[in-house]
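K.L.:
Assemble the whole structure, with the sequences as input and the hints as a guide.
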Amino acid sequence: MGFGAAFRKEWLEQRRTFRLLIVAVVLLLFGLMSPLLARYTTEIIRLAAPQGEEIIKLIPPPTSGDAVDQYLKNITQFGVLLALLMTMGTMSLEKDRGTAALMLAKPLSRTAFVLGKFASLALTFTLSLLLAGAAGYYYTWILFGAPDLPGWLGLNLLTLVFLLVYVALTLLCSTLTKSQVLAGGMSFGLWIVLGLLGALPRVGDYLPRQLTDWAAKLGKGTGMVSTGDLSLLVDGRSGAFWPALAVSLGLIIASLLAACLIFNRQEL
Amino acid sequence: MDAIRAEGLRKRFGRVTALDGLSLTVESGSIFGFLGPNGAGKTTAIRILTGLAGADGGRAWLNGIEVAKGNGRTARLLGYLPQEPAFYPWMTAVEMMDHVARTFGLDSAERRRSGEELLTLCGLKEAARRRVGGFSGGMKQRLGIAQALVNRPAILLLDEPVSSLDPFGRKELLDLIDDLRGRCTVFMSTHILADVERICDTVGIIDRGRLIVQAPKKDLLETYAVPVFAIEADRGQEDALRSWTESLSRSPWLDSTVFPDKRTVRILVNDPAAAKRELLASAVRAGLVVTRFETVKPTLEDVFLKLVARAGD
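Chains as they are written, first to last, in the working numbering: chain A, 1 to 268; chain B, 269 to 581.
Mixed in with the good hints there might be a few duds.
[Claimed, not checked] Straight-line alpha carbon distances no greater than 20 Å define the calculated EDC-like cross-link-like pairs of lysine to aspartate or glutamate that follow:
1. B:Lys408 x B:Asp375
2. A:Lys57 x A:Glu43
3. B:Lys486 x B:Asp469
4. B:Lys337 x A:Glu267
5. B:Lys565 x B:Asp529
6. A:Lys73 x A:Glu267
7. A:Lys178 x B:Glu384
8. B:Lys408 x A:Asp205
9. B:Lys486 x B:Glu295
Derived by calculation from the structure, the hints in this document are not laboratory data.
P.N.:
Structure, rendered in structure tokens:
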């Protein structure tokens, strides 16, 4: 009830409070810079340390794979930070300031209120990743030759899912408290915990961090049967990445469900 | 049918009892003044009626529909102004009105019409396209009223609607509420007795989470008001006035005393004839220099203070 009204307000807020602009500009910059950094790292070292020729000789010549790694590392790290920062106050501030109470005394359901927020944030990150992806693809093409387009799209799709996991988890944290600082702290803690667990052998195979490994493979065009068909997303290791995708999507859905259930029980 | 009916509402916050079996009925089309001192449970009762909070016990109905947390059916009947209305600071007043109207599913023509009409009615026409973040407290209060009227509510719940307004804004808003008489039921919580006295036709007094009394304002004044003597002392006689008033506490005809200011005392009595005989003589014996001594008509404030004091005993 009222999802359209809730989403419309949230999307207007994304634009009016410059959240969309900030996320888009930051991700776009990393989309542009990552291939450049990969290509010109040796030149940068040479300029910064003229005596470092010996070190430079140890660095292998840059490839498009380095551009993919650089892109993925930057976009996921800063993307998660942006996800935390843009989401941590979204529920807690509305509860604290009293805007939630004003609006939810009207025929606007609490579920629509929560989902409208997630949908608008998802749209913000989707559009921003589209921009960053296009910029990264273009510069990689110019500097290293055209990357595999379906692979590049797959990379960005998995990156989006990875970032949305943190948007959903932070939204849940923001629902739990009236303090955006506490919500941010809880989300940051979850990021660290998931990162540490993701580095563990076996356990890590099932966690969102695994999506970035899969994304890197897709971006580099490895592990694919062919380009341009659905088998693109099948990894060389007999689909070992699928459980991580399932867990990530499950985390998003579970976080949103929990946020809706908890918010429905809260008093405003 | 009653517009609002509550039966035995109970609500606790930890060890604090906010509502202790509150029961009341509000007649359709009336302006109901919900009076009580700070912390009496007025806001909690309103939050339960809006569905924003749940009661620990008891039930409530709006136009015969039972109130439940998140019940869209009762939400459609309501207009609600919280005690400190909060808005999205990045929105303009027009956008805020439009957003609220969308939650009620109004079409675009209706949204535009009601937005313009209500902002004009609430004196915000000039500020309609300004961001709410720059509004003063009074302007926010007026926007709060405007948004509460978007759906032409059958029941308007106002929580301390004039508390942050200057006297001019207060008069305007009270006039506006007065104009709604008969068109919708207004349930207005306040601790400003003069406002209730001015516009409400029915009064409910709540203290410590319980309804002490509910009656038409006129009946309340007739039933509960006892004769009042107003005595004003000369300058510099403030302490003498207070100690003399304290000395009256043993008088059998005394009901209660109220100090509207340091130099004036309003003495409520239960035997006017005895009081008339003894009061002035007692003041003279005490050496009090009196500049005014008169019998006055009891006000709602006298009744309120008397009832709340009695409930506290």
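K.L.:
So which of the earlier hints does this model not fit?
P.N.:
1, 6, 7, 8
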